[in-house]
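Peer 1: As a plain string of letters, each chain reads:
There are 2 protein chains.
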Amino acid sequence: MDINIPSNHPRAKSLYVRELLVRGFKNGLVAPEGLIAQGRGESFDYLLGEKTSKVAQISARAASSALLLAKCPVLSVNGNVAALCSNEIVDLSNIVNAPIEVNLFYRNNNRERAIEKQLKESGAKIVLGVGSRASAIIPELQSERRRVDPNGLYKADTVLIPLEDGDRAKAFVNMGKTVIAIDLNPLSRTARSAQITIVDNIIRAIPRMIAAAKQLMDKNNKHLMERLVKEFDNRENLLESLRLIQGGIGARPRRY
Amino acid sequence: MDINIPSNHPRAKSLYVRELLVRGFKNGLVAPEGLIAQGRGESFDYLLGEKTSKVAQISARAASSALLLAKCPVLSVNGNVAALCSNEIVDLSNIVNAPIEVNLFYRNNNRERAIEKQLKESGAKIVLGVGSRASAIIPELQSERRRVDPNGLYKADTVLIPLEDGDRAKAFVNMGKTVIAIDLNPLSRTARSAQITIVDNIIRAIPRMIAAAKQLMDKNNKHLMERLVKEFDNRENLLESLRLIQGGIGARPRRY
Numbered sequence: 007m008d009i010n011i012p013s014n015h016p017r018a019k020s021l022y023v024r025e026l027l028v029r030g031f032k033n034g035l036v037a038p039e040g041l042i043a044q045g046r047g048e049s050f051d052y053l054l055g056e057k058t059s060k061v062a063q064i065s066a067r068a069a070s071s072a073l074l075l076a077k078c079p080v081l082s083v084n085g086n087v088a089a090l091c092s093n094e095i096v097d098l099s100n101i102v103n104a105p106i107e108v109n110l111f112y113r114n115n116n117r118e119r120a121i122e123k124q125l126k127e128s129g130a131k132i133v134l135g136v137g138s139r140a141s142a143i144i145p146e147l148q149s150e151r152r153r154v155d156p157n158g159l160y161k162a163d164t165v166l167i168p169l170e171d172g173d174r175a176k177a178f179v180n181m182g183k184t185v186i187a188i189d190l191n192p193l194s195r196t197a198r199s200a201q202i203t204i205v206d207n208i209i210r211a212i213p214r215m216i217a218a219a220k221q222l223m224d225k226n227n228k229h230l231m232e233r234l235v236k237e238f239d240n241r242e243n244l245l246e247s248l249r250l251i252q253g254g255i256g257a258r259p260r261r262y
Numbered sequence: 007m008d009i010n011i012p013s014n015h016p017r018a019k020s021l022y023v024r025e026l027l028v029r030g031f032k033n034g035l036v037a038p039e040g041l042i043a044q045g046r047g048e049s050f051d052y053l054l055g056e057k058t059s060k061v062a063q064i065s066a067r068a069a070s071s072a073l074l075l076a077k078c079p080v081l082s083v084n085g086n087v088a089a090l091c092s093n094e095i096v097d098l099s100n101i102v103n104a105p106i107e108v109n110l111f112y113r114n115n116n117r118e119r120a121i122e123k124q125l126k127e128s129g130a131k132i133v134l135g136v137g138s139r140a141s142a143i144i145p146e147l148q149s150e151r152r153r154v155d156p157n158g159l160y161k162a163d164t165v166l167i168p169l170e171d172g173d174r175a176k177a178f179v180n181m182g183k184t185v186i187a188i189d190l191n192p193l194s195r196t197a198r199s200a201q202i203t204i205v206d207n208i209i210r211a212i213p214r215m216i217a218a219a220k221q222l223m224d225k226n227n228k229h230l231m232e233r234l235v236k237e238f239d240n241r242e243n244l245l246e247s248l249r250l251i252q253g254g255i256g257a258r259p260r261r262y
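Top line first, the protein sequences correspond to chains A and B. Quick note, in the numbering used here, the first sequence goes up one by one and the last residue is 262. Quick note, in the numbering used here, the second sequence goes up one by one and the last residue is 262.
What the hints contain is simulated information worked out from the structure, not anything from laboratory work.
Any copy will do: because identical chains look the same in the list, a pair fits if it lies in one copy or spans two.
Mimicking DSSO-like on lysine-lysine, the simulated pairs with C-alpha atoms at most 27 Å apart in a straight line are:
#, residue 1, residue 2
1, K77, K236
2, K32, K123
3, K19, K176
4, K60, K176
5, K126, K77
6, K77, K228
7, K77, K176
8, K57, K236
9, K225, K161
10, K225, K131
Quick caveat: nothing in here was measured; it's all calculated off a predicted structure.
Just chain A, with the same shape it has in the complex:
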């Protein structure tokens, strides 16, 4: 598929990302509902000025620290994540030494396999959570959403859940895990449940996390990383992100 965006369109970059997702949809990675979810994120990103805020940078640093310090970190990937940044997720997985698990809200065999294939093409050696691997159950959830890999999300102590549903985010917290979310809506249940929420577009957030992890991964930084996690205040982060969105609405250039 060619991605053909009129270059003079005022929001060409956002349209390009949108077309990446439509391509992922046509390749069987993304559910129709995933396209709608992308749109919801687009609005918040638009109100944030489509750029990474200072608090989002701080969150990304804390998130990478938490993953590097974890005994058993896992990166959860759904169709939208695979369509938008499979290369970057595989890079992050290698750097923080965390396996990738496919974890779908609308689970079906074809989509699982398509996502696994995409991740392997991006260099992933092992992809958890596919087919009969997803045999463990998240206690408080119903339906196919509750299935996870016993060697992955089930036993993980720290999980990165980009673009996640609120019920599942909360269930992971209730299982005692450290939960890192990437969510553009600071009011969402996912954003409010997680211990660390990066309020940023995943397209920008994962590269930030990679850069932070590369910078921090030295053993000598253990105390620094512990401090970054300990001093991180998610409540203040979300309130500040909300203020930016409110301010963004007021400050956007416009003519009526």
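Since chain A is already given, all that's left is putting chain B on it; use the hints.
Peer 2: Chain B only, in chain A's frame:
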């Protein structure tokens, strides 16, 4: 397709509307990009508290007045509109005596025909803008987006364009038409280009327009309708809608 939403989900109603659109997608009415656009609207609706504001009510009244007063009004319908409220659009069309025209951003023959079929099943007798009917050109646009029906949008003096692209909204204004938009984002180019913008979910806006039209359609109300249109201030309407969104962000109940 069964629409199966967990009834205890805090946003069950919004999920139901979303599934209506996914169904429209599966029936060939809606483009993948239309699903993303739906998501963008959802975010603004969420910030508006998913209810019709007072200014949106006033806008709907002014909009119905403008359509009733017009010599040649036309209702533009795309895939999302047909999927979400084809019955209501046909009702409105009958009440304000305005034909319906299929007008697509991502035009293709199958989608045109699927939308025409849906509208006819909802009772529309004539559907403009399909196939070779769409032979007139909007001067300032490129690509398939510029094709309109010479007996419909091309010669119309007043057009209702729900969920429309900014370029095309502006082009209609530049052609001298009175443009009525339905758009949940008061900052969008469509919202800012139109003379009357209803900042509301189309699911709620069209029934409001129908109710207003039924109430106003008496000939004796001509002066009242002229006054409603004349006194309508779209700039103030959009600023007030923005204030509601900003206030909604601050006031939403939340626990961190």
